[in-house]
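Asker: Sequence:
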Amino acid sequence: MKFALLWMYFEGKACKADANSKSLRDFAKDLYARKLDQLRGQLDAPLEFFKARYGDVQQDPERFIRRLGELKRIKLEDQQAIISTLTNAQIDEVDKAIGLLLICFRIRNNLFHGSKQLPTLQQQQELFANVGYVLTALLEARGEA
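In the working numbering, the protein residues as written are 439 to 583.
Okay, the calculated beta carbon distance ranges per label pair:
{"id": "1", "residue 1": "Gln563", "residue 2": "Arg472", "range": "31 to 39 Å"}
{"id": "2", "residue 1": "Asp475", "residue 2": "Phe550", "range": "32 to 40 Å"}
{"id": "3", "residue 1": "Lys510", "residue 2": "Gly479", "range": "30 to 38 Å"}
{"id": "4", "residue 1": "Arg511", "residue 2": "Arg478", "range": "27 to 35 Å"}
{"id": "5", "residue 1": "Gln476", "residue 2": "Tyr447", "range": "14 to 22 Å"}
Computed list of lysine-lysine pairs in DSSO-like fashion (alpha-carbon distance at most 30 Å, straight line):
{"id": "6", "residue 1": "Lys460", "residue 2": "Lys513"}
{"id": "7", "residue 1": "Lys454", "residue 2": "Lys467"}
{"id": "8", "residue 1": "Lys473", "residue 2": "Lys513"}
{"id": "9", "residue 1": "Lys454", "residue 2": "Lys513"}
{"id": "10", "residue 1": "Lys489", "residue 2": "Lys513"}
{"id": "11", "residue 1": "Lys489", "residue 2": "Lys440"}
{"id": "12", "residue 1": "Lys454", "residue 2": "Lys473"}
Quick caveat, the hints were computed from the structure, so don't treat them as lab data.
Owing to the predicted nature of the structure, the values given are computational and were not obtained by experimental measurement.
Just so it is clear, CB atoms sit at the ideal spot from N, CA and C, and this is done for glycine as well.
Please put together the full structure from these sequences, using the hints given.
Answerer: Right, dumping it as structure tokens:
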């Protein structure tokens with residue numbers, strides 16, 4: 439429930455109520471252009487969580503992307519950004535934010551539009567905590583939280 443409300447707020451403030459890969463990229467680029475020093479390293483912890491959670495991404499990137507949704511529904515550019523975020527040891531802060539926002543967006547889409555596996559929702563607490571951290575950290579940096 440908390441995630442749904444946080445996403446709704448984030449989408450309204452960050453994406454003018456129209457979250458898509460372009461609006462998420464634009465949001466991150468604009469925010470980091472103005473707040474890079476304030477945000478440097480802020481997303482390292484959730485990035486490490488997602489790298490650990492999705493450690494198989496390097497061995498089979500296509501299988502990993504399928505876990506995030508149907509391949510045909512995820513633009514190739516977005517697939518590459520997500521994989522790059524999770525596999526590159528040195529990643530630019532803006533690209534890190536974009537990759538993490540795209541992961542958050544895919545998780546949101548899977549939750550709202552995917553199959554409803556209610557028994558496993560409780561096991562997803564750490565996942566939603568990290569997604570929530572990414573969204574909240576970026577909103578706070580923008581002065582929206």
